[in-house]
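Let the sequences and hints guide you as you build the complete structure.
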Amino acid sequence: MNTLLYDIRYAMRQLRKSPGFAALVVGTLALGIAANSTIFSWINSTLFNPIPGVRSTGNMITLQRGERSEHASPPFSYLDYVDLRDGSKTLTGLLGYHDDYVAITGDGRPQRIYGALTSANYFEVLGIKPILGRTLLPSQANERAGSPDVVLGYDLWQSRFSGDPAIVGKTMQINLHTYTIVGVAPRGFLGCKSGLRTELWIPLGMDRQVWGSTRIGDRGVSWLNVLGVVRPGVDHLQVENDLNLLMQRIADAYPAAHQGANQISTDPLWRSPFGANVYLYGTLPILLALAAVLLLLACANVANLLLVRSVSRRREYAIRLSMGASRWRLVRQLMVENLLLAMAGGGVALAITFWTARTLGYFLPGTTLPLNINGSVDGTVTLVTILVAALTSVLAGAVPALRASSLSPATVLKDEALNTSGGLHKSRLASGLVVMQVALSLTLLVCAGLFVRSLSKAQDADLGFDANHVYLASFDLDPLGYPDAKALELDRQILARVKALPGVQSATLADFSPLSFTIHSDGVMPEGYIPRPHESIEADRGIVGPGYLQTLRTPLIAGRDFTDADNESTQPVVMVNQAFVNRYWPGQDAIGKRVQIAGQWRTVAGVAANGKYRRLTYDAAPLVLVPLMQRYEDLVTLHVRVNGDPMAFSSAIDQAVHDLSPDLPLFNVTTLKNNMRIGNVFERIVVVFAGSFGLLALVLAAVGIYGVVSYSTRQRTHEIGIRVALGAARGDLFRQILRQGLRLTLIGLTVGIAVSLAFTRLLRGLLFGVGTADWITFASVSILLCVVALVACYVPARRAASIEPMQALRSE
Amino acid sequence: MASNGTLIEIEDLTKIFYTDEVETHALSGIHLTISRGEYVAMSGPSGCGKSTLLSILGLLDTPTGGKYLLNGNPVENLSFGDRSRIRNQEIGFIFQSFNLIGDLTVEENVELPLTYRAGMPSPERKRRVKEALERVNMAHRMRHYPAQLSGGQQQRVAVARALAGSPSILLADEPTGNLDSKNGEAVMHLLADLHREGATICMVTHDPRFARHAQREVHLFDGKVVSETELKKLEEEVEA
Numbered sequence: 001m002n003t004l005l006y007d008i009r010y011a012m013r014q015l016r017k018s019p020g021f022a023a024l025v026v027g028t029l030a031l032g033i034a035a036n037s038t039i040f041s042w043i044n045s046t047l048f049n050p051i052p053g054v055r056s057t058g059n060m061i062t063l064q065r066g067e068r069s070e071h072a073s074p075p076f077s078y079l080d081y082v083d084l085r086d087g088s089k090t091l092t093g094l095l096g097y098h099d100d101y102v103a104i105t106g107d108g109r110p111q112r113i114y115g116a117l118t119s120a121n122y123f124e125v126l127g128i129k130p131i132l133g134r135t136l137l138p139s140q141a142n143e144r145a146g147s148p149d150v151v152l153g154y155d156l157w158q159s160r161f162s163g164d165p166a167i168v169g170k171t172m173q174i175n176l177h178t179y180t181i182v183g184v185a186p187r188g189f190l191g192c193k194s195g196l197r198t199e200l201w202i203p204l205g206m207d208r209q210v211w212g213s214t215r216i217g218d219r220g221v222s223w224l225n226v227l228g229v230v231r232p233g234v235d236h237l238q239v240e241n242d243l244n245l246l247m248q249r250i251a252d253a254y255p256a257a258h259q260g261a262n263q264i265s266t267d268p269l270w271r272s273p274f275g276a277n278v279y280l281y282g283t284l285p286i287l288l289a290l291a292a293v294l295l296l297l298a299c300a301n302v303a304n305l306l307l308v309r310s311v312s313r314r315r316e317y318a319i320r321l322s323m324g325a326s327r328w329r330l331v332r333q334l335m336v337e338n339l340l341l342a343m344a345g346g347g348v349a350l351a352i353t354f355w356t357a358r359t360l361g362y363f364l365p366g367t368t369l370p371l372n373i374n375g376s377v378d379g380t381v382t383l384v385t386i387l388v389a390a391l392t393s394v395l396a397g398a399v400p401a402l403r404a405s406s407l408s409p410a411t412v413l414k415d416e417a418l419n420t421s422g423g424l425h426k427s428r429l430a431s432g433l434v435v436m437q438v439a440l441s442l443t444l445l446v447c448a449g450l451f452v453r454s455l456s457k458a459q460d461a462d463l464g465f466d467a468n469h470v471y472l473a474s475f476d477l478d479p480l481g482y483p484d485a486k487a488l489e490l491d492r493q494i495l496a497r498v499k500a501l502p503g504v505q506s507a508t509l510a511d512f513s514p515l516s517f518t519i520h521s522d523g524v525m526p527e528g529y530i531p532r533p534h535e536s537i538e539a540d541r542g543i544v545g546p547g548y549l550q551t552l553r554t555p556l557i558a559g560r561d562f563t564d565a566d567n568e569s570t571q572p573v574v575m576v577n578q579a580f581v582n583r584y585w586p587g588q589d590a591i592g593k594r595v596q597i598a599g600q601w602r603t604v605a606g607v608a609a610n611g612k613y614r615r616l617t618y619d620a621a622p623l624v625l626v627p628l629m630q631r632y633e634d635l636v637t638l639h640v641r642v643n644g645d646p647m648a649f650s651s652a653i654d655q656a657v658h659d660l661s662p663d664l665p666l667f668n669v670t671t672l673k674n675n676m677r678i679g680n681v682f683e684r685i686v687v688v689f690a691g692s693f694g695l696l697a698l699v700l701a702a703v704g705i706y707g708v709v710s711y712s713t714r715q716r717t718h719e720i721g722i723r724v725a726l727g728a729a730r731g732d733l734f735r736q737i738l739r740q741g742l743r744l745t746l747i748g749l750t751v752g753i754a755v756s757l758a759f760t761r762l763l764r765g766l767l768f769g770v771g772t773a774d775w776i777t778f779a780s781v782s783i784l785l786c787v788v789a790l791v792a793c794y795v796p797a798r799r800a801a802s803i804e805p806m807q808a809l810r811s812e
Numbered sequence: 001m002a003s004n005g006t007l008i009e010i011e012d013l014t015k016i017f018y019t020d021e022v023e024t025h026a027l028s029g030i031h032l033t034i035s036r037g038e039y040v041a042m043s044g045p046s047g048c049g050k051s052t053l054l055s056i057l058g059l060l061d062t063p064t065g066g067k068y069l070l071n072g073n074p075v076e077n078l079s080f081g082d083r084s085r086i087r088n089q090e091i092g093f094i095f096q097s098f099n100l101i102g103d104l105t106v107e108e109n110v111e112l113p114l115t116y117r118a119g120m121p122s123p124e125r126k127r128r129v130k131e132a133l134e135r136v137n138m139a140h141r142m143r144h145y146p147a148q149l150s151g152g153q154q155q156r157v158a159v160a161r162a163l164a165g166s167p168s169i170l171l172a173d174e175p176t177g178n179l180d181s182k183n184g185e186a187v188m189h190l191l192a193d194l195h196r197e198g199a200t201i202c203m204v205t206h207d208p209r210f211a212r213h214a215q216r217e218v219h220l221f222d223g224k225v226v227s228e229t230e231l232k233k234l235e236e237e238v239e240a
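Protein sequence lines, in the order shown, are assigned to chains U and H. The numbering used here numbers the first residue of the first sequence as 1 and each following residue consecutively. The numbering used here numbers the first residue of the second sequence as 1 and each following residue consecutively.
For the record, the hints were derived by calculation from the structure and aren't laboratory data. Cβ coordinates follow ideal geometry from the N, Cα and C atoms, glycine included. Hints are supplied without guarantee of correctness; some may be wrong.
Claimed, not checked - Partial list, derived from the structure: chain H residues whose beta carbon lies under 7 Å from chain U: (1) Phe17; (2) Gly81; (3) Arg87; (4) Glu134; (5) Leu231.
Okay, structure coming up:
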């Protein structure tokens, strides 16, 4: 123990003696570790902790019915949910919920928040205890009838009710109905859908009152997401078998309500298709892998620095060995130094991570979605950062320490033989490390390059609409309590007023806007189409106003756009897109055919060109557009095509709306282009971070090449003197040093290309319009690295070329 | 102007080293002529300027003043590039510490000066290397690295390297300084053989036994050329 303390004290003294070296090593390691701890903090906050406030989610699963989808719609009716919950033998609990916006009215300003209708066992299954009052009653006896109770989220309790400790028993207005506050959920709990913030919970049975729906008694309407807790000792396959057996019985008993595929599949919460994790689980591990490559690169850089330093301390090591120190003792002493450096790097990285963990949220533009995606530093992140720091001390320090301890003290103390210059193996290890650095840099840069090109291709791809000069503003008529007919009339008047504004080309309404994760999907039944086994008869669905295609400038392929004439008193119609026609009616004329949607048969009036509505990187999916005037939706977004800058019309449009309805707030006022930024948010996160890692890698590689070439040039000063004495010209020396650097770079590039070709295969699912072996990216990155290597070699080459021969010959 | 037999002619050569505010006169008005085929030994006590003079003769250093004619051409004010070219073609160095490059094989070390000679084809280089190594009886060690050779063998390789370029003069700086007496004698015999075959040699040594191998001995003392009698007198004065 005493000797260990001695080693620590000595190590600290050594590091104090070389503050520049220590700072360089700590800085390099801090960058590498911070990249990993940042990405890990995101993974920890999203994939590892998909339900904030619930400790253990490893045994929880979500259920999907039918064909698997990344953007699954709620898969179960209430009655199916109850049958599954009551019949399952492999789950200890199965909760159901439906989340959507609600309006808080009554005292204080009206507020639009995200709320959830939940099954009675919701909090019990999740293991959430209230901090005040109670949760919803776990009794299932009156679940269908419901009771006007509400559990508040902690933040809502704080912000709207000032954290009133006597809040339990008081009432509040939700969608104009009075509810009794029965409890307050603990701080941090935001519902069970990853990445989304739910602020209040009310019983499922209140669906009729809150949203005016009768679906709770309809087995044919799927509107509930469900989450189950797997019984201990039961595996995933057993659960699926158990649930599918039950589902088959249900489908057999109620065939009319279960057409199409009914196969149940389950997902752990880290990759659940309900919530943000479905987008994050493919992205964050790749980013972590890139961060790990960056850390390896940093370790290689530090290993080189340690090797250089160990050369200048050879005499010290030789004296220690000659005094009887064992090799292990010397290695320990050096590893203590390395550990101190790595821990300092880890400390700096942790400080950086406190800031960078929150940067995930910065990528999310303002949106109507109640997003709650961000990272934070907790005990797990801290522990992982410390462990990574400890690992880096081994990765970066072990080889230099072993090498330093293997020298021959007799040779070193004799000052070595002076009769030859250079040594066969002297810089082989350092050169190997440089090759590794170049190879890893190339890998990171290639990945970054592929992501950049992929995003660029996606942005250049045909969207199927013109996103320029379109103003957006959302409004929700539900809190005003208008009957549907009156609300539709107000929609018509708003459109008429806005269209009449000078500079406005056209205007429409829609219950979604493209590429902002707001489009819905619905079960559909195309006339005459016979579904394949397990085929999901589901399509993207938008409810849109008259002139939608005209306003969005989406090409019309056949038939017509919606008009004012498509109202509640005329024939129910839809428009579909080309992908819908290709899938369900290939080679046929779709106009006049019928589609059943939400239980109603509608006639196809028009066929639109394909467009991108969910994500830039997705291929066009079947789409059904339903006229707003035939299927009322209270929450809609005004789309206005204007001449010039859309935001210049903001006050005029605001005035036009408020002239008609002074109490109607417009929210999410933005341009279509800006709003679409959320549609490629995950691609942008990857591009920014992979790009940053790539740039850091480039800098580290340049520093590594410079360091090794510079160091080896210094070591070879005497040799250079000999060469000069034998007639080498300055140009010969200059070219020789450049050749040395380029040789290492070219070997590194060869290795790096092989590694990259293997590594980039993992990115296949994340790339759009660009192959994993895209030669343009590989060639550009290789040329860039060569140029950087030449620049890094230039200074040592110049220095070598200007050495005075007599000085060089005297140096040893 | 040098006569046809004169290879090196220097007049009033000076070399001053400036360090901070101290001026050190390493060479003070040296006059020296070396003819083709001559074997000259330069001797003198430590610090007398032998090695400085040899460096200037070998164009590794430039004089502060005076004239230096090599093959009748002035070379005291040449550019770095011109000095490199002349050094490569006209001068062969043999160092006290051998100065072989550890990463190169014996063959590569000997070939090194030829690789700096533009336009010499590889077969020609190989032929010259082979001949030079055979001349010093080291051809059988072509593939070895310097560290695998004894000191005497390394110095023979260094001699071969100096010979490979067929220089006008061999400059040897204490070539036996790092060798035992047996290997030292062997190297001296080798230089004597080369001289008999026509080589011009200028050797720096402080050992009178080796200096006697040369045809002519040049004594230096405090940066000046002195006669043997003067040298003894000066040394006695210093001792006194």
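Hint check:
no.	hint	verdict
1	Phe17	violated, 11 Å
2	Gly81	holds, 5 Å
3	Arg87	holds, 5 Å
4	Glu134	violated, 20 Å
5	Leu231	violated, 26 Å
The earlier numbered hints that this structure contradicts are 1, 4, 5.
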